[in-house]
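**Student:** Chain by chain, the residues:
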Amino acid sequence: MKKIIFFSLMFTFVMGAAAQDAEKNLKKLPAVNVKTLDGKVFNTADLNNDGKPMIVSFWALWCKPCINELTTIADVYQDWVEETGVKLVAVSIDDARSTSKVGPTVNGKGWDYEVLLDANGDFKRAMNVNMIPHTFLVNGNGEIVWQHTSFSEGSELQLIEMVRKLNRGEAVESH
Amino acid sequence: MFAAALLLLAVPVVRAQNFLEGGRVSGNFQLDAQVYRADSAIGAFEVAEKMRMNSFANLLYTNGNFSAGLRAESYLNPILGYDPRYKGNGVPYWFGSWRNEQFEITVGNFYEQFGSGMVLRSYEERNLGYDNALKGAKVRFSPTEGVVLKGLIGTQRYFWEQGPGIVRGLDGEFALNDIFDKEAKYRTRVTLGGSFVSKYQDTEEISAGPDELLILPANVASWAARFNISRGGFAIDGEYANKMNDPSAMNDYIYKNGESMLLQTSYSTRGLGVIVSAKRTDNMSFKSKRTETGSALDINYLPALTRQHAYALSAMYPYATQPNGEMALQGQVNYKIKRGSKIGGKYGTDIAINYSRITSIQRDPLDGDTVPGGAGTAGYTSPFLAFGNELYFRDFNIEIQRKFSADFKLLVSYVNLKYNIDVIEGHPGDPMVNAHIFIADGTYRLTDKRAVKLEYQHLLTKEDEGDWLQFLIEYTVAPKWYLTVADQYNYGNQDKDRRFHYPAVSAGYTYGSNRLTLTYGKQREGILCVGGVCRNVPASNGLTITLTSAF
Chain G
1 MKKIIFFSLM FTFVMGAAAQ DAEKNLKKLP AVNVKTLDGK VFNTADLNND GKPMIVSFWA
61 LWCKPCINEL TTIADVYQDW VEETGVKLVA VSIDDARSTS KVGPTVNGKG WDYEVLLDAN
121 GDFKRAMNVN MIPHTFLVNG NGEIVWQHTS FSEGSELQLI EMVRKLNRGE AVESH
Chain B
1001 MFAAALLLLA VPVVRAQNFL EGGRVSGNFQ LDAQVYRADS AIGAFEVAEK MRMNSFANLL
1061 YTNGNFSAGL RAESYLNPIL GYDPRYKGNG VPYWFGSWRN EQFEITVGNF YEQFGSGMVL
1121 RSYEERNLGY DNALKGAKVR FSPTEGVVLK GLIGTQRYFW EQGPGIVRGL DGEFALNDIF
1181 DKEAKYRTRV TLGGSFVSKY QDTEEISAGP DELLILPANV ASWAARFNIS RGGFAIDGEY
1241 ANKMNDPSAM NDYIYKNGES MLLQTSYSTR GLGVIVSAKR TDNMSFKSKR TETGSALDIN
1301 YLPALTRQHA YALSAMYPYA TQPNGEMALQ GQVNYKIKRG SKIGGKYGTD IAINYSRITS
1361 IQRDPLDGDT VPGGAGTAGY TSPFLAFGNE LYFRDFNIEI QRKFSADFKL LVSYVNLKYN
1421 IDVIEGHPGD PMVNAHIFIA DGTYRLTDKR AVKLEYQHLL TKEDEGDWLQ FLIEYTVAPK
1481 WYLTVADQYN YGNQDKDRRF HYPAVSAGYT YGSNRLTLTY GKQREGILCV GGVCRNVPAS
1541 NGLTITLTSA F
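Chains as they are written, first to last, in my numbering: chain G, 1 to 175; chain B, 1001 to 1551.
Don't read these hints as lab results, they were simulated from the structure. A hint or two may mislead.
[Said to hold, decoys possible] Simulated crosslink set (DSSO-like; lysine-lysine; CA at most 30 Å straight-line): (1) B/Lys1342 with G/Lys124; (2) B/Lys1087 with B/Lys1522; (3) B/Lys1453 with B/Lys1342; (4) G/Lys40 with G/Lys28; (5) B/Lys1182 with B/Lys1150; (6) G/Lys28 with B/Lys1480; (7) G/Lys40 with B/Lys1453; (8) G/Lys35 with B/Lys1522; (9) B/Lys1185 with G/Lys124; (10) G/Lys124 with B/Lys1480; (11) B/Lys1150 with G/Lys35.
[To be verified] Ranges of calculated distance between the beta carbons of each label pair, as one might list FRET restraints: (12) G/Asn43 with B/Gly1331: 32 to 38 Å; (13) G/Asn167 with B/Glu1463: 37 to 43 Å; (14) G/Gln78 with B/Ser1055: 40 to 46 Å.
Built from N, CA and C at the ideal position, the CB exists for glycine as well.
Input sequences plus hints: build the corresponding full structure.
**Tutor:** Structure representation (structure tokens):
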């Protein structure tokens, strides 16, 4: 019990400190090990897009809305890349049941995203992802500036609008 | 206490480095509340409390290479479908972790997976009430690029307690190309790995008969070896696992060793993906408590080699792995008919075909016996590559998805299932369920932000509860609002008095990563996908409120 009290205290403490500079202190991508499709260990803190914005989207093969979101974006992805230089990183949280199916499915659908495998949910937990799809927008400095859960038709238009704002140096709402 | 003491020591040290200035707190929260109405017809019983609620919150603190976190959970009382042993409040999960280039050390509760999880996987599925987190210490050491060594020790979460067994594990993974071929001259990538996991549980008195007391091993060892080879679009990977004698309630206290093997090969290129997998499982239940039979305290993970369906009716008969023995095969082809081609249409057409088949393993009686032996014996022998005679599950499914215009897209799917309800659900004597499922799912964009989705699902079977029909209509205003009306109708039930409707209305509001949904109606147990997210839900009748938030 003592340690619980201790931890709670520590958090109250820390949250106070964090709240003070929340404005300038955006959360960076955490350092967690995931795998690439060819089995390499990859540190998520190394995700970057040469100073351009990045979309990080958590999905799984069994999640219909996730597939919907990624399929919808796939249709316009080339245009997005040419216009804004954005890169989409699709983080699959499929577990050992279907991690091996992720690569063939992504290829079979002709998606051009960078795909990462988070088979035991380490990246998911570090990003506080609860339900999927959960999509993050990361600015050129690797800071998370915006996030959204769920997908409905047309949400992708809002997403690319955020990317354009980032490119223009405008403020992005934090929600 | 050790961890708390460590952190107490760490705080003044790091404060000197402006620790708190660079730190960041993040977290998430989920609340599920259900208000119940009794409906004896569909099996929703009177709930004395009238309403029940689950909630949890994660708080995570990160600062450079240091992170710490905790999760508070509250089940007052656990909503239907959750294990009643969750009842209560507390902080069952906390950890502190730091890392540098080579080391990562974690104390407290943690999740970990070795290889495909055949000998060790601790993980959580919050919405299913599953959590076998280890509590102890874990070290990850990467002496050079391409080498990852892990060691851990801990006990497992058992609702609000810890299980009685201690789990010890070691794992090594070696990416040969990163070690020996730093200039990347070879196109073929080879990764090898191996693990060793052992559990210790004090021996106890368990009898196999009137005067037969079992001598139980206190230490049970298991090991696994794996490989992964890829070249261009080709990949092949496999893992073999073996577990020493581990008599338990799960295997009826037999002393046979357990084993499992998974082999998968795939080829893919842009527009085409093919994968074939095979898996054998024999006596591989591995728990940190001998007498446990539920889903708690699993040390390893034995996933089903079948497709995880995402529609209510195709997910109605999901296969569950038989840890005592099964032979599984699965194949899948994904193909995209090119954009702009005659058949593919302006946007192309996606086709996916999947097949899986799972049977029993062959079990031969031991020498001198006429039937496979029971408690206290070595059980049976089983030829490694032989398929048993009993079919557990078969699934053939095809899915075609096409965008016809900028405004309209359609998915059609056909699924044929054979489901051994006797073995999978333990309904002795019930005949094999043979079901045909048809699905059509169309979405029409009214404007840039507004869309209507119509879903038709039809399940035809002569067995179990007979035929089902589901209609669903969903209206969305991106990115914030949705409204869904659905009805599931068991119109083909042989018992005319049980031809129930399961109507439900659901609405939700999303504000960034904050989401509030309300659902009113009757709910069958299963995967529920509404308003843009999917989750597993128990059977209920009444009002469900879900609030999720992340920051």
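**Student:** Hint by hint, note whether the structure agrees.
**Tutor:** Tested hints:
{"no.": "1", "hint": "B/Lys1342 with G/Lys124", "in the structure": "violated (41 Å)"}
{"no.": "2", "hint": "B/Lys1087 with B/Lys1522", "in the structure": "holds (24 Å)"}
{"no.": "3", "hint": "B/Lys1453 with B/Lys1342", "in the structure": "holds (27 Å)"}
{"no.": "4", "hint": "G/Lys40 with G/Lys28", "in the structure": "holds (22 Å)"}
{"no.": "5", "hint": "B/Lys1182 with B/Lys1150", "in the structure": "holds (23 Å)"}
{"no.": "6", "hint": "G/Lys28 with B/Lys1480", "in the structure": "holds (26 Å)"}
{"no.": "7", "hint": "G/Lys40 with B/Lys1453", "in the structure": "violated (39 Å)"}
{"no.": "8", "hint": "G/Lys35 with B/Lys1522", "in the structure": "violated (41 Å)"}
{"no.": "9", "hint": "B/Lys1185 with G/Lys124", "in the structure": "violated (34 Å)"}
{"no.": "10", "hint": "G/Lys124 with B/Lys1480", "in the structure": "holds (23 Å)"}
{"no.": "11", "hint": "B/Lys1150 with G/Lys35", "in the structure": "holds (16 Å)"}
{"no.": "12", "hint": "G/Asn43 with B/Gly1331: 32 to 38 Å", "in the structure": "holds (34 Å)"}
{"no.": "13", "hint": "G/Asn167 with B/Glu1463: 37 to 43 Å", "in the structure": "violated (58 Å)"}
{"no.": "14", "hint": "G/Gln78 with B/Ser1055: 40 to 46 Å", "in the structure": "holds (43 Å)"}
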